[in-house]
Amino acid sequence: MEIVLVGLNHRSAPVEVREKVSFTNDQARQAAEELRARGILHETLVLSTCNRSEVYGVPPETTRESAAALSNYLSSFHSVELELLSPSLYHHYDRYAVRHLFRVASGLDSMMLGEAEILGQVREAYRIAYEQGATGPVLNRLFQGALEVGKRVRSETELGTRPMSVASAGVKLAERIFGKLHERAALVLGAGAISEQVISQLRDRNIARLFVMNRSLERADNLARQFAGKVIAWDDWESALTLPDVIVSSVSAEEPVLTRAHLEKAMAARGNRPLFVMDLGVPRNIDPTASSLYNFYLYNIDDLTQIVQQNRTSREGEVPRAEVIVDEHVGKFLTWQASVEIMGVVEALRDKLKSERAEFIRERSERITGLTPQQREQVESLIDDLLEKMLLDPARRLQGEKDLRRKIQQVEAIRGLFLPDRKR
Amino acid sequence: MTLFNVEDNKLRPPMRVTRRTVLWRSGYAILRRGVPDFALLSARSSRASGRPMNHLFFLLTLAAYLGSFAAYVGYLVAGLDWSGRLGSLLLAGGLVAHYFALLERARGLHTVPYHDLSGSMSLFGWLLALTYLSLELFHRQRSVGAFVLPFVLAFFLFAQLSPPDRFAAPPATGVIFAFHVTLSILAYAAFGLSCVLSLIYLGEQRLLHEHRVGDVVWRLPSLDLLDRMSQSSVLVGLISIAIGTAMGFVWVDRLTGNVWHYDPKYAVTLLVLAAYVFYLRLARNPSWRGARASQLCIFNFAIVIFSFTIVNLFFSHAHRYF
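First to last, the sequence lines map onto chains W and V.
Going by my numbering, the first residue of the first sequence is number 1, and it counts up by one from there.
Going by my numbering, the first residue of the second sequence is number 1001, and it counts up by one from there.
Bound-form chain W, shown alone:
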């Protein structure tokens, strides 16, 4: 039983190659079906995200041949020249394939270290393959282990807790002040890409109400519709500033859009309710002297970028702990694999000895005359008992062996000595 992985990711391939080799859900199902139908893999799973496309499988033949067959298949499925694809592909086998998958599920192999999305994507890919019947006992065990390790890394380390983008850092800071945002309101000034990112993060946090203001009413309206928000006219500052708990500003303006005087008046009008402002504009949209107002929290883009940098360092500090968890689970999977292997080898040895016993008795019985059928049966039974007794102790010792490496060596030794023709 071996595992093969062939794929490419953001490190091995540029986006122009990655986008040619990505799979939709339907394509993933189709590929899994074809790979099994052609006998390239017994068990198959396709994992495809914006940053990686990988095929995991259990091959009938040796892994090297399967890996080559898989590469050819990927090339033909996506109609991409193999010469163009090959330099970007990586191949992993057995424990290295297991380790790679566990690191992927933990977010250790992601473009944004510790990102949470990948675990959901792994879960979805597994669900699709499982429902299709493309997985078997090996990939089931493997991907269940991957989901377990992904959850453990996220709960036992802080790999995924700190925000890694300016938008998410700002939203997390808002949560530091207000707690959960499901009863809060946000006002977004500007309708550009950054505003969209922040609104997306706010919606993920279930912000209750969303307002958009922009000089161009049409763009404000488009953005508001996209995220189920409301539009406020650009010059309606008096009412606009009393509504939100969070203000996100990202407009192109040479002078501050909101001066200290504006904000002082607004804070008085809103009864000094806490207000968190993210000023993502360059030049700054909010007068920095307003930061001394009571219950007013102002963060500009530099402040948020610095927080992201600190978080990146902090996340990198969590990597060793995460790797330890990954290694632990790789060990568990290999132990399971070895146990299954042991049972398989012991069964195969038993079968071989029984068939040789039958052959042995058949040859010898021609020379030994005078045995009644009953006595012949008793002799056969005695030999069977002897074989079982001979196998019992070694099987028990193999099962009880705690050192994985030694266990694997012993299994290999049995296979090499007694089952040289048996395929792995």
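Hints listed in this document are in silico derivations from the structure and should not be mistaken for laboratory results.
Careful, some of the hints might be misleading.
What the hints assert, rightly or not - Derived DEER-like restraints, expressed as beta-carbon distance ranges: (1) V/I1239 <-> W/Q144: 20 to 28 Å; (2) V/F1158 <-> W/G192: 25 to 33 Å; (3) V/R1254 <-> W/L243: 54 to 62 Å; (4) V/F1158 <-> W/G400: 52 to 60 Å; (5) W/K180 <-> V/N1285: 20 to 28 Å; (6) V/A1154 <-> W/P320: 49 to 57 Å; (7) V/I1239 <-> W/L147: 23 to 31 Å; (8) V/I1239 <-> W/C50: 38 to 46 Å.
What the hints assert, rightly or not - Computed footprint of chain W on chain V; a stretch qualifies when at least three of its residues, placed anywhere within it, have a C-beta under 8 Å from a C-beta of chain W: (9) 1209-1217; (10) 1223-1236; (11) 1274-1287.
Unchecked claim - Covered stretches of chain W, as calculated for chain V (at least 3 residues, CB under 8 Å): (12) 158-164; (13) 169-182; (14) 270-281; (15) 285-297; (16) 302-311.
Quick reminder that beta carbons are idealized off the backbone N, C-alpha and C, glycines included.
Fit chain V to the given chain W structure using the hints.
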């Protein structure tokens, strides 16, 4: 029974003492003279007041509180979830051990565990830990534990190091009195907890204002949650002090037949009550919510400290028994 009179250092002739006369005369003496009439006290009590607490429970309590503190710090600094859970578990264990320590002391002294400074401090620490753990479970927030446990430990240890009683307390017993004292100390503990939460609020707010957002800030509760926790704690304190004070009046009435007897402690307690009601009212006002409310809460706790120490020691007649 030979009785010892602390006033003239002489032995008085034995007298027929019943439970009722002891209660009545000691309580009346406190109200009239302001100095307990120790002629009525049991010699065994005064000897017993010097008896040390059972060491086993003391050591268990100390170990549990110290372990809990270390675990909470581990959770706050390193973000280890298991460390936070361990902190809660050890705190719960510490509460149990501390309870038995108080019970053991009460049995050994044949009186309530809080009859002297040592007992009061120990009970305060216990109730502070209990209030905090309840708040933690209610709000599902562990990161404050690292700030509260030092106070719990301090009061617990101070209880052991407090000076020997100058006077043995009157054997004031009965359910009403027990409720009066326990609820009053619970109120002080709850107010103390709200003070700690307010301090954390001010600290975190300052860090956020100054853009010093480090590891610890990410793990602390949000400002909004700290505010709500503080208000919850104050509410517990207000209810406790209101009921506890009412129980005190009931007890005095049963003792003397007179519900009203002036004691400066009453005025200060009323001041404490008013101060915290004012705080709760203001904390709901957006203009005050936040740093101003937290500062008021801290100031209010200064009044509580004043009440518990200066007023009890120098101004109150009925509460000056340690």
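Hints, one by one, checked against the model:
About 50 Å separates the C-beta atoms of V/I1239 and W/Q144, a value inconsistent with the hinted range of 20 to 28 Å. At roughly 60 Å, the beta-carbon separation of V/F1158 and W/G192 lies outside the given 25 to 33 Å, and the hint is violated. As the Cβ distance of V/R1254 to W/L243 is approximately 58 Å, the hint placing it in 54 to 62 Å holds. The supplied range of 52 to 60 Å is met by V/F1158 and W/G400, whose beta-carbon atoms lie about 56 Å from each other.
As the Cβ distance of W/K180 to V/N1285 is approximately 22 Å, the hint placing it in 20 to 28 Å holds. Range check, V/A1154 to W/P320: about 37 Å between beta-carbon atoms, so the 49 to 57 Å window is missed. A hinted range of 23 to 31 Å for the beta carbons of V/I1239 and W/L147 is inconsistent with their spacing of about 47 Å. Distance hint check: the CB atoms of V/I1239 and W/C50 are about 56 Å apart, inconsistent with the given range 38 to 46 Å.
Remark: the region 1209-1217 of chain V is confirmed as covered by chain W, as 6 of its residues place a Cβ nearer than 8 Å to a Cβ of that chain, reaching the required three. Remark: the region 1223-1236 of chain V is confirmed as covered by chain W, as 3 of its residues place a Cβ nearer than 8 Å to a Cβ of that chain, reaching the required three. With a cut-off of 8 Å between beta carbons, the region 1274-1287 of chain V has 3 residues touching chain W; three or more are needed, and the interface restraint holds. For the region 158-164 of chain W, the assignment as covered by chain V holds, since 3 residues bring a beta-carbon within under 8 Å of that chain's beta-carbons and 3 suffice.
For the region 169-182 of chain W, the proposed coverage by chain V is satisfied: 7 residues have a C-beta within less than 8 Å of a C-beta in that chain, meeting the threshold of three. As drawn, the region 270-281 of chain W meets chain V at 5 residues by the rule of a beta-carbon pair under 8 Å; at three or more, the given contact holds. Note: the region 285-297 of chain W has 4 residues with beta-carbon separation from chain V under 8 Å; the three-residue rule is met and the coverage holds. Only residues whose beta carbon comes within less than 8 Å of a beta carbon in chain V count, and the region 302-311 of chain W has 4; three or more means the coverage holds.
Checked against the numbered hints given earlier, this structure breaks hints 1, 2, 6, 7 and 8; the rest are met.
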